[in-house]
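Chain residues, written in single-letter form:
Number of protein chains: 4
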Amino acid sequence: MKNLLVMKFGGTSMGTAERIKSAAALCEDAHSHRPTVVVVSAMSKVTDMLLETLRHAEGGDERGVDANLAALDHKHRDCCADLLPDLPARNATQALLDSILLEFSRIARGVLMLGERPPRSVDEAIAVGERLSSTLIAAYMKSRGVEAFAVNARDLVVTDAVFGNASPLMDQTREKAVNQLKPALEQRKLPVITGFNGATMDGRATTLGRGGSDFSASILASVLDASELWIWSDVDGIMSADPRLVPNAKVLDEITYREAAELAYNGAKVLHPRTLVPLMEKDIPVWSKNSFNLTAPGTRIVPETREGPIGPRAVTSMTNVALVTLDPASALLSGTKIMARSLEALAAANAEVLALTSSSYRQNFCFLIRTAELPAVIERLEATFSIELTHGYLNPIDVELDVGLLAIVGEGMKGHPGLAGRIFTAISREMVNIIAIAQGSSELTIGIVVRKDGIEKAVRAVHAECGLGN
Amino acid sequence: MKNLLVMKFGGTSMGTAERIKSAAALCEDAHSHRPTVVVVSAMSKVTDMLLETLRHAEGGDERGVDANLAALDHKHRDCCADLLPDLPARNATQALLDSILLEFSRIARGVLMLGERPPRSVDEAIAVGERLSSTLIAAYMKSRGVEAFAVNARDLVVTDAVFGNASPLMDQTREKAVNQLKPALEQRKLPVITGFNGATMDGRATTLGRGGSDFSASILASVLDASELWIWSDVDGIMSADPRLVPNAKVLDEITYREAAELAYNGAKVLHPRTLVPLMEKDIPVWSKNSFNLTAPGTRIVPETREGPIGPRAVTSMTNVALVTLDPASALLSGTKIMARSLEALAAANAEVLALTSSSYRQNFCFLIRTAELPAVIERLEATFSIELTHGYLNPIDVELDVGLLAIVGEGMKGHPGLAGRIFTAISREMVNIIAIAQGSSELTIGIVVRKDGIEKAVRAVHAECGLGN
Amino acid sequence: MKNLLVMKFGGTSMGTAERIKSAAALCEDAHSHRPTVVVVSAMSKVTDMLLETLRHAEGGDERGVDANLAALDHKHRDCCADLLPDLPARNATQALLDSILLEFSRIARGVLMLGERPPRSVDEAIAVGERLSSTLIAAYMKSRGVEAFAVNARDLVVTDAVFGNASPLMDQTREKAVNQLKPALEQRKLPVITGFNGATMDGRATTLGRGGSDFSASILASVLDASELWIWSDVDGIMSADPRLVPNAKVLDEITYREAAELAYNGAKVLHPRTLVPLMEKDIPVWSKNSFNLTAPGTRIVPETREGPIGPRAVTSMTNVALVTLDPASALLSGTKIMARSLEALAAANAEVLALTSSSYRQNFCFLIRTAELPAVIERLEATFSIELTHGYLNPIDVELDVGLLAIVGEGMKGHPGLAGRIFTAISREMVNIIAIAQGSSELTIGIVVRKDGIEKAVRAVHAECGLGN
Amino acid sequence: MKNLLVMKFGGTSMGTAERIKSAAALCEDAHSHRPTVVVVSAMSKVTDMLLETLRHAEGGDERGVDANLAALDHKHRDCCADLLPDLPARNATQALLDSILLEFSRIARGVLMLGERPPRSVDEAIAVGERLSSTLIAAYMKSRGVEAFAVNARDLVVTDAVFGNASPLMDQTREKAVNQLKPALEQRKLPVITGFNGATMDGRATTLGRGGSDFSASILASVLDASELWIWSDVDGIMSADPRLVPNAKVLDEITYREAAELAYNGAKVLHPRTLVPLMEKDIPVWSKNSFNLTAPGTRIVPETREGPIGPRAVTSMTNVALVTLDPASALLSGTKIMARSLEALAAANAEVLALTSSSYRQNFCFLIRTAELPAVIERLEATFSIELTHGYLNPIDVELDVGLLAIVGEGMKGHPGLAGRIFTAISREMVNIIAIAQGSSELTIGIVVRKDGIEKAVRAVHAECGLGN
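Protein chains in written order, with the UniProt record's numbering: chain A, 1 to 470; chain B, 1 to 470; chain C, 1 to 470; chain D, 1 to 470.
A hint or two may mislead.
Which copy is meant is left open, because identical chains are indistinguishable; a pair holds if it fits in one copy or across any two.
To be verified - Computed list of lysine-lysine pairs in DSS-like fashion (alpha-carbon distance at most 30 angstroms, straight line): (1) Lys-337 <-> Lys-142; (2) Lys-337 <-> Lys-414; (3) Lys-75 <-> Lys-21; (4) Lys-414 <-> Lys-75; (5) Lys-250 <-> Lys-45; (6) Lys-337 <-> Lys-282.
No lab work stands behind these hints: they were computed from the structure.
Next comes chain A alone, as it looks inside the complex (with noise of 0.2 angstroms):
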């Protein structure tokens, strides 16, 4: 659709009825420009109330339950009073949330009766959130006179059936999702769509996993050819680091793709690391934009920044991370098909290599994974090398746990001579010390990992050694 921009808000620019109406004024501001679709998040907090009644279900805990049933229940009915003061319309609005939370409180009960909590059910029930801020936001939007509707994102994106981090079929997403909003846009209508759910082709409800609305609405920007998508949140755009770590952090006006790709995928928050992919294949670009501050520009997300590659423009850290090391006891083994065993191991358990070094004359190798992946990657692996395990053929898998992953990125680090030296001696200037260093061919990333008690101290150090800040 020519010049149509996508629109999402996260949890904190939907946090209260004032946000609302703040996010409802940038809305309507677009909407009387330029077609436009809206994403919403559920309203800050929300997301964990549900899942915490969900723990409380399993547990048998029935007390928590009912409190939680009714902390959701005023938060949305104050907020609906708030933003709707007409009475014939707060009343038909609050019935719709009634009935839309009357389908989370069935679920919970149904839980606590299982005392289980089946990640299909899990699914449908946190879902719920968004659709209540969008139930709201449409609302409110509509009694100031906007054609605003809100819209189930089951009903739109179809996803395979992996419950709980599903992935988008973009073919049928783009059916259905043309299908059901280009005549509303046409008409000048503004849909309100739910992020972060949809649902398989037989209609079984989805979640695309925690922080899928950017990625609701980058799906839903890539299926209509929109020209924008604006991401709303409580920050300036995408910084140089994590500002709670590195306190003079400065906003990025640009970065490229692959730097938001990196950036992403090596622990920073801003963006969900499979948000940019349908992105990039339209070369769509993205504003990261804080609803709190109208007056901060934002970063720009693009193929190509206007400055080019600089160097390094930004520091993340991870410290959820486990570094597993496997070593051949025996000559007998060659190391090259060990390590081509242990990959396949590690793809059948879906887990993603964030570092791998191999050391050449004992011919062990030691890779970097998530710590959530560890428990399905080493049953993986002590699958595979039963035998070599057992008869002392491999020593036993060794796994690091007191250990960080930290990351430089910035295209165009090739041309920086000085750069690891530098970097390096600014870590160990703090007395850090260095366990393993990657840096691939494409010079967009240098990965280190550090003991995890360093990692705060390594990742000021490497800003400011960079001069990344204000």
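Starting from the structure of chain A, add chains B, C and D where the hints point.
Chains B, C and D only, in chain A's frame:
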């Protein structure tokens, strides 16, 4: 055998009649104190001349063949005359030399006729160098009243059938070597054994690969339960760097097996990589000594050094390497699976992975191999991924030849937090760009890939920065 | 335990109060002579009713749930009244039954609310059938003065966490079972254990899969070192064919473990395939006996029969199978490699290959699997070969559902040269076309794939031809 | 080329001066009607003599070498004299023969000196047979006024570098062959091309493997877009069975490519298996004709026969086969995975699986391969499963050599329900025991493994039962 000493003399230590006399003096001295076994290389340049002769023959250059045969004859005839002034002894020995050279001449003429140089005949041909040198030194010692006798390792060292790069079968070698040598040693005789060669169980001549005389000595030291191995060459020991690149490189007093193996693996010339394995299994210490400088103490290779793990000990470099990058072009391919399949292909091509790094987000990865192994590797990779390459799921395989590998080796480097920074700063001060970095979990070695034209400067800079020189 | 007898009663043998009294009589008789452990199935049809209730619940059919709950209550309440005329005993037992059914009711209502039937809760729910039946028979025996007591196998049988089809962890089960049961057995008490269920190390309820009460009995027989296992059902033993297909099928006196396993594997219903493994390891003989016909001798399953290997003993058939064909369309693909990768996919999909044949020249090959495993297999194959299928290197995967597998089983068939000819002639006389034939090297089984509509005729014809009937 | 005929004469059709004259007459006749290309084998027994000479040389038997060289010289010299009574022509041709034989003599003497027979020189040496025969027949035709000329296929057929069993590179061959032959054909000349040999892109001599003259002809027919290929030999065509085993075997009028390929694949000698592939791609029909019996019509190999698919057409057998069984000894191993890994090993060993069956319950499986491929297969299997074999997870690999494979081939066998029964009854009537049966889904072939000593009886019995004879 109790207190058994194995001594190995390299080509330069056997290079002239004078050198052979010195070597013989060292042998006689040792032999007067303890049971001794001697392993010798061919006279210096002889192996190259033998190979060149076969190349001439393959190319149809009969004149070149004849000239080389004459030169080989001369060289050994002159040496024989120098060593054995007494005519009867000289004539008897010269007859032996003649018959050995005749065998070589027969092979060279066969190659000339076929226009082809089949590996098995090559292996038979180049063992001739050691057979000549061992005959000479044994005859010389005999003329001085020592009970020395030459032994063709073909009768001792049993190998697999990988012509040109055979591996020993230790149990079978032990049986043969003990049977053949023990009675002689008990009678206080001194065996002088050809280095470099062996034979399969069914008697086909093999060689252990170039530089393999060290390996011969270490195999024999192991199967004979020697208490020490002395490797005599023309350098004062293992050095902190290649003295042609780094003028102030110094001789190391002691290093560990692991350090020596890493140095060898990363390009240092002193000891063949496989040499250490049989010794490590039995904790047999090795001395690297200079037969041209008997006062120099040499380097001792031991399980653990007296100094303990003190950090960087030496810097090595390799330039005959290639950096291969595989880069999925489609998100349909799992990067981890591609890596697994590539490593299987590398294993099938019998190639060693010198360094390996993967870049997280693009799922591409690159590995460093020896240039000599590149054609086989590329062939295997192209066969493995032919469909993926044909249809563009994988970008064309990228090979970079303009690279070199630099390695800093030393036990205990992990106790030096500032080290990586200093090393990279030192390299960058020379304006040498770092392409890839690989530090394994062992922390015994840091491998750095740089442009080929920067490798010398980088080696010098790192050597200086680590204070490794005199 | 010396002379220990394990007896297992199937659903029909527990089907009514009368049947339970008969079973109890058999238990009491055994218990008066030797230490005895009893394993029971649910009353006949109860497991199906439990499953149906959960399906009603999943489908939202509250009325169906209620009706089933009432029926289950009735059935067990009536049985309890019949078994225990004495009111105090009846009331105490009924209270136990009520509390067990309440647990089931809770789960059914949870499923109703979620509209989903999660595997773990299903496992917990359907163990209820055995808990009810074991409570009834134990109470009845107690009322007759026997020291019987009901045991939930959840406290004895430790399994992995594959809900719905768990596998036992034998060492952990041995420890638990010996600790719990040995003191009781030494005091001459009679444990009555629920079949079919178990629990993970951390206490989550599991089941061993349908038909798994036999497996429970064989696991317990093994860990308790029983001297015999008696399986009581409503048939006179293992038969030469399914009597519904072959009227003159006869009961076999003896068969070997291997024959029983092949029969089970190829579709005979009598014994669960996994049941025999723990018994074979300890050579524990099994009797298959009829609790409705105590004079019938039953079938004895033993390491070797007294008759010895006499050729065909029985014919079985399966119709819920699919024949999958892979067919390379391009000579670029190695048929052998495609076969290897397909089998890896089958292994990853956890599917069993019932039969496999390959055609030499076209390099295509086909394999037979259970229909239930087909979706997972096709998914894996399509993922494995997605590129090859997309670009036409492989023809579309062909699935044939209109097929059935017939197997003739017997040790010593190799001594009957004419057998294959007679079998195929017999089949062809019935105008049934043979699609594929697989006879392995063991010569214990000939597997024949035919059109589904010919399978009954084929079974009858082979049974007659081999003279297996009365 | 429009209406181009390719004719190929086998060794017996070139066996004497008389036979060469007959072949020449056939060539001249064809050439007078249409553009013709002739491919010739060596004179009968010559290839064997060449190989024997090299074996003598390898073994150091100089006298044997000389005797063979003399015999080869005689044979061709006599033939030359017979063909060319005219002295000048004879002398010119004899000079060519002399120079070709001198090349062979040179290679034989080289082998004698090395005591080794390297594959590349062998390939160069044995192409000499075809070079001699093509020179003779071309000279003879020239003497009769036909514009014939001999061509060494080394200048036409481009292959990969697998010495002794090379595969053609069709595109490169097409370019060379068209460039070289088209101008001559347009000038109505008659090229006589050596069969069996070719060369790599960089000119190293190769051969297509024994029997490869057929393949040469089919490659050339394909790249030259011939309209027919005639294969002249000493038999009347493709027969319903080997006439040495089955006296009443009859010549088949027509068979399909698929039938011919299956026959070849299962041991029939008439056509090399690979021969058909280039022809099938272009639907070029092939005649198998008898140069000794010009009135016999021969067999036509076509995409579809006029009779259509009529069921069994021929029976073949192979006895140089081995049945290999893998048998997991531990339930810890997945039989399916073991099968997958075995097939990978077979692919890596370049072995063809002639038949494959698996037994369900024990998860063992067996496959049939050619005896010639057995050593490589066993080596690979032992390497693949070395740990499993060492520690007893797999039973020792079982190899059965006392077996033979019998195959019944024919399109449309699936329309004959009684067939399998009749075949097996026929075999069993002869008291031959069937070891394994493999019928793929194509139903074009039934493969049966029997004891080797029963194979002849079985072939005769099946041939009679199917009414295939005269």
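Comparing the hints with the structure gives:
| no. | hint | in the structure |
| --- | --- | --- |
| 1 | Lys-337 <-> Lys-142 | neither (63 angstroms within a copy, 51 angstroms between copies) |
| 2 | Lys-337 <-> Lys-414 | between (32 angstroms within a copy, 28 angstroms between copies) |
| 3 | Lys-75 <-> Lys-21 | within (16 angstroms within a copy, 62 angstroms between copies) |
| 4 | Lys-414 <-> Lys-75 | neither (52 angstroms within a copy, 54 angstroms between copies) |
| 5 | Lys-250 <-> Lys-45 | within (26 angstroms within a copy, 65 angstroms between copies) |
| 6 | Lys-337 <-> Lys-282 | between (39 angstroms within a copy, 27 angstroms between copies) |
In this structure, the hints that do not hold are numbers 1 and 4, in rising order.
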